[in-house]
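*Asks:* Generate coordinates for the entire structure from the input sequences, incorporating the hints supplied.
Going down the list, the protein sequences come from chains A and B.
For the first sequence, counting from 1, position 26 maps to 26 in the working numbering; every step adds exactly one.
Offset between the second sequence (1-based) and the working numbering: plus 177.
For the record, the hints were derived by calculation from the structure and aren't laboratory data.
Mixed in with the good hints, there may be bad ones.
Where chain B lies over chain A, by a calculated footprint (3+ residues, C-beta under 8 Å) [claimed, not checked]:
no.	segment
1	1-13
2	74-81
3	114-127
4	138-147
Estimated spans, in silico, between C-beta atoms of each pair [as the list claims (entries may be wrong)]:
no.	chain 1	residue 1	chain 2	residue 2	range
5	A	Glu174	B	Asn309	17 to 25 Å
6	A	Ser152	B	Ala249	46 to 54 Å
7	B	Ala303	A	Thr157	31 to 39 Å
8	A	Thr113	B	Pro326	49 to 57 Å
9	A	Ser152	B	Thr179	40 to 48 Å
10	A	Ala10	B	Glu372	52 to 60 Å
11	B	Gln247	A	Lys150	33 to 41 Å
12	A	Arg168	B	Glu234	19 to 27 Å
13	A	Ser152	B	Glu372	40 to 48 Å
Short, incomplete list of chain B residues facing chain A, as computed with Cβ under 7 Å [as the list claims (entries may be wrong)]:
no.	residue
14	Thr196
15	Glu254
16	Gly284
Just so you know, these numbers come straight off a predicted model, no measurement behind them.
We treat Cβ as the ideally placed atom computed from N, Cα and C, and that holds for glycine.
Given next are the chains, with one letter for each unit.
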Amino acid sequence: MNDLIRRIAADGDPDAFKELFEQFAPRVKAVLIRQGADPATAEELAQETMLAVWRKASYYVEGRGNFATWVFTIARNLRIDRLRRQKGWAEIDEDLSTHIAEDMPPDEQLMQTEIQQLVGEALKKLPPDQTAVIQLSYMEGLSQSEIANKLSLPLGTVKSRMRLAYQRLRSAFEELK
Amino acid sequence: MTIKRHLDDATLMSLSAGTLGEALSAVAAAHIGICSQCRGRLHEMDTIGGVMLANAEPNPLTDPARFLEQVAASRPEVGIAPVSGGLSRTKQLQASDLPAPLSWIVGKNIADIPWKWIGPGVASYAVPLSDNATSDLRLLKVAPNKKLPEHGHSGAELTLIISGAYRDKFGVFGPGDIADMDQDVEHQPIVEPGEDCICVVAFDAPAKFKGPFARILQPLIRM
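*Replies:* The following block contains the structure:
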């Protein structure tokens, strides 16, 4: 994946872009539909997300943050931007991601692929009640109180499940330190 | 600035998932911009989001060929090295002396805020948000030694201290600190002696996709 992004940044290689597009655009679209976007809007935002990847490939520095994390933050920010119909808000977190990446120690930077694998494994091992809460949050785009309504749980329980899920997933990051 | 009070993990996770409303997001992001501890946790949460995205079931685009052709006909931006040294770029973009993104949203220096007195020693300024906002963002300026009425929190609420400090049963909250309280918590803040306490408070509800098509599809898709 880093090879593909390097080819886009260095040569504007459309074949490399096509590969990344095919891997990520349909997933961004699918998630946006689950979050309530109509298919046309979801498709448009998925394309906008990938267009940002193409344009800003040279800002993405290999090893500094996971590529999927970058795509995730771009898609999230475009969605928020669309929901608010106000330019300017969305750019905050992409900037922050760059800063975060700069803050990271070099040995942590090298292990991004491993982090992805470990987090993926850790996600599969979460207790079902915690999985439900983070799925509804990240994939369905529901707020804490909407999750509480949907699962007929007190808001406090939803929050504590989020905290517990993060603490467990976090051990995946800790393993690398 | 030594930041001692941080965002709750659950709040950070909602920020990462993009489900916090406009006002809460603005206040949380302003804290994150000045707090490397919360920034690090947000990055881990974003990584979780990235892994979930990478593992999501795909939904093919209807006609990607035309889009791919258009992209191939353009060129990526020529590399500009990322700004080094923490938050310098954010600082350059700042429209006022408030921390970003509040800086851009408020668009005024603290000295130019048109405060409205809402009680003895308490002034407020309601920050205009986007048309779709269902949330409330306001700056508060409270005089030294002023005791606020005891109150609970009916919904999600975040308070970021800009300058000065207050004290409640949880301790002292100073510049950069964030009060991220559960809704059943009651407290009675008292501003510390010496200077006004200026803080920004958000109450919130999240935005939703609008339009009849989305509404018809939403229940089906969620099943």
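*Asks:* Going through the numbered hints above, which ones does this structure break? Give me the numbers in ascending order.
*Replies:* 5, 16
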